[in-house]
Amino acid sequence: MRWIDVKESLKDFWFEFKRQKGGLFGIFLLALLVFTALAAPYITEPDIPKKWTTYWEGNPTNVPPVWYNYFTTKKLAAHEVLTYENLKITAEGQDLGGGVKYYAFEFDYNHKYDLPPKDLIIKNIGAQLADLNTPAQIVITVYRPDGNKIELLSADLVEGSIYQIAKMGTVRNNVFNWASQFEDPKNLQGRVETIKSTMDVMEVIFAKAEPGILINPQPLHGDYKFVVEIFTFTKGDKIDLKPVQIILTGRTYGFMGTDYKGRDLWAGLVWGTRVSLVVGVAVAVLSVLIGIAYGVTSAYLGGWKDEFMQRVNEFVASIPTLPILILLGAAFKGHVTLWTIIFLLVMFGWTGIAKVARSMALQIKEQTYVEAARALGAGTGRIIFKHIMPQIMPYAFAVMALNVPSAVLTEASLSFLGLGDPTAVTWGQILHDAQTNSATINGYWWWVIPPGLAISLVALTFVLIGVALDRVLNPRLKRL
Amino acid sequence: MGYGRYLAIRLLNALLVLALVTLLVSVLFTKVAEEDLKSSIQEQINMKLRANPELMKQLSADPERFQQWYQSEYNRLIKAYGLDKPFWVRVLERTKDTLTLKFGNTKTPIFGETNVKKIIAAAIPRTVLLFTTAQIIVILIGLLLGVKAAQVAGSALDRAVSIIAMLTSSIPMWWFGMIAILIFSFKLGWFPSGGMTSTPPKEGFAYYTDILYHMVLPVGTIVFVLFGGWAWTTRNIMIGTMQEDFIMAARAKGVPERKVIYGHALRAAAPPIITMTIFSLLGSLGGAIITEGVFNWPGMGRLYWTALQQNETRLLMGVTFVTVALYLISMILADLAYGYLDPRVKVGASQQT
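Sequence order for the protein chains is H and A. Mapping the first sequence onto the working numbering, position 143 (from 1) lands on 197, and the numbers just tick up by one. Mapping the second sequence onto the working numbering, position 39 (from 1) lands on 251, and the numbers just tick up by one.
Hints are computed from structural coordinates only; laboratory data are not their basis. Be aware that a few hints might be false.
Unchecked claim - For each label pair, taking beta carbons as the anchor points, the in silico distance ranges come out as:
no., chain 1, residue 1, chain 2, residue 2, range
1, H, 495, A, 257, 43 to 53 Å
2, A, 312, H, 365, 25 to 35 Å
3, A, 321, H, 495, 50 to 60 Å
4, H, 434, A, 467, 48 to 58 Å
5, H, 95, A, 219, 53 to 63 Å
Beta carbons are placed, not taken as given, at the ideal position from N, Cα and C, and that holds for glycine.
Just chain H, same shape as in the assembly (with noise of 0.2 Å):
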């Protein structure tokens, strides 16, 4: 073939495949789903793959995405990190005297949700002391918009303490003090250490001054302002407020929320992008240019040989996939890796393909062309891959589309079993865990609908593309 016919073929299959208008919203898809797979790096952080099998700290478990919030009565509060450059440092190693010396600094939080964060926890004060045995100390107070001050906490401070508020004791006792001077005596009488152990502690920070401030807390908004303040007794104690880090624990997070182990579940959406059209596409066109290269050797060598190579396709063919791929899964469980399922993928997949590549190159193989160029010499090789594999490649793209939906299906299938491999990002891996937690029972929606579209997504773009293409090249299906 010259290239100008190729230029021509190919403008002869746009101008058909234009009017497929399910198949240009495939290719629309398609670019789509390419560019988030390329671009997840960027598009969330590049070192996700690592982090996913880990806790994500600090992160809440199970929340719902913020823009969850448009649809509810109940506003709920979104995820905040602060660092140094939100921080107010209004002292940093004032000598009082004695050697004590005094660090201080403040965060305002504007509170205008009706759930406060479930938690506020401050870490990484880069403190280094000189005498282990004397901590310095750290006292967090909270100014609420009403006028009021809680101390929170007044506590030891030591190299690496990290400080959550709504996990403490302390914390819990002194704001129940604090809030009993407003709640009505009634509620409390002879309840006092059932609400003090059941109370939310952030709720009643959060809430108006007024009773049933323990026992149905209203949301107060505004502004707080808390404030840290750390002292050191020792000479040669040095506290750097550089690294501090300041988590709001939201009650939403992000743009998909989170799962049992705190992790963004955008970020693997995005990620998961990447093997879903990598095993799909992988899977599709090998098991497609084996299947042809299969079927055509047979029916040019015709013979025995053609009927042993059919009893082979038959032999593969009527083993049932999923039970098989489900042992060697189970057998090779924890040690599986993506080529390893795109590998049997494709040992079950090529055979339907061999079978039509096989009646296709009959049909051929007798048309009279093929006879002539027999006739001038043309050896086994030239036969096949100038005269053969070229008319029926066309033929072959639409099934390698079609292809790929059931590998994509088989692969999340698999993953969903929790057979896939464990350190990559997958969509089937995030509904097992979803599935292994109960979150359908529990409701946690944007855990279960996300990646399950997705899949359904990466499957119908390539039904599209595949159906229209047929129709392109398979004039007998125009008709229909």
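For this one, chain H is given, so just place chain A on it according to the hints.
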């Protein structure tokens, strides 16, 4: 290729597949049995030591002698259990167990039972109840819709069938099941989220209505995901038949359209459709492997899920073997029916296609 030869080849094929699966299962079996036995051998040696304080005192004084004694004891037991034989010999010995469905016991009881064979025997009827029911509904809807669509090819209905088929074939069935639970069980609270009966099971007639009630969501899921594909395939087969000359002849003859479709066309299209029916009905015994797990339905599919989650390799082998065997039987039956119904297979014209 005559009918007899055709059948013989298909049968041989099925036997080969069965042999392959048996081998695979047996290899896995041997591996698991080896691990189990080794840990039990260690246990036995420890038991022996504990039961005999005198020996323990003697041995603990001299670590070298202890090592020697331990090694000899270990070797003796390894030999007694036949673990010293080469791997392949043991695999072949296991093959017999596999073929006679002796899969042993599970580590923890499943469905109140530890014998793998009994567990599977309990699971199959439940799968039949769920999946075969769903499959029958799918076939009925699919056939009716497909024939109708073929009748009015190119119409809105026909296009709708194609679009539905495309959409539903892209959806993982198990995921759709999860969505169904999310909507109808969690959000609306209309149906239970899983299981086959309420706990504790109801008595008398209510027991049966309770099962029906639990079947609604899974059956609905399976039907929704599968009926489009069936309708589309039926439509394609029918359209192929409707373009044959004998249909034109029948129409020219003045045969009423209804009779042309249901009498002539459907009859000619019957072989592939009936084969498909047999295949999917018998294939349904294996269950929708993953979907059953999602709905916690105590059938074959659920066993796969349990076996994988709880590392019950013996159960996994049993379930896989039975599933594959059922699949092969249905394949042969479908082949038989096809060969019987389609005269071209008998005469041998199929070789040209």
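Quick rundown of the hints versus the structure:
1. H:495 x A:257: 43 to 53 Å: Given about 46 Å between the Cβ atoms, the range holds.
2. A:312 x H:365: 25 to 35 Å: Holds - the Cβ-Cβ distance for residue 312 (chain A) and residue 365 (chain H), about 29 Å, lies within 25 to 35 Å.
3. A:321 x H:495: 50 to 60 Å: violated, 24 Å
4. H:434 x A:467: 48 to 58 Å: holds, 52 Å
5. H:95 x A:219: 53 to 63 Å: 57 Å Cβ-Cβ, so the 53 to 63 Å window holds.
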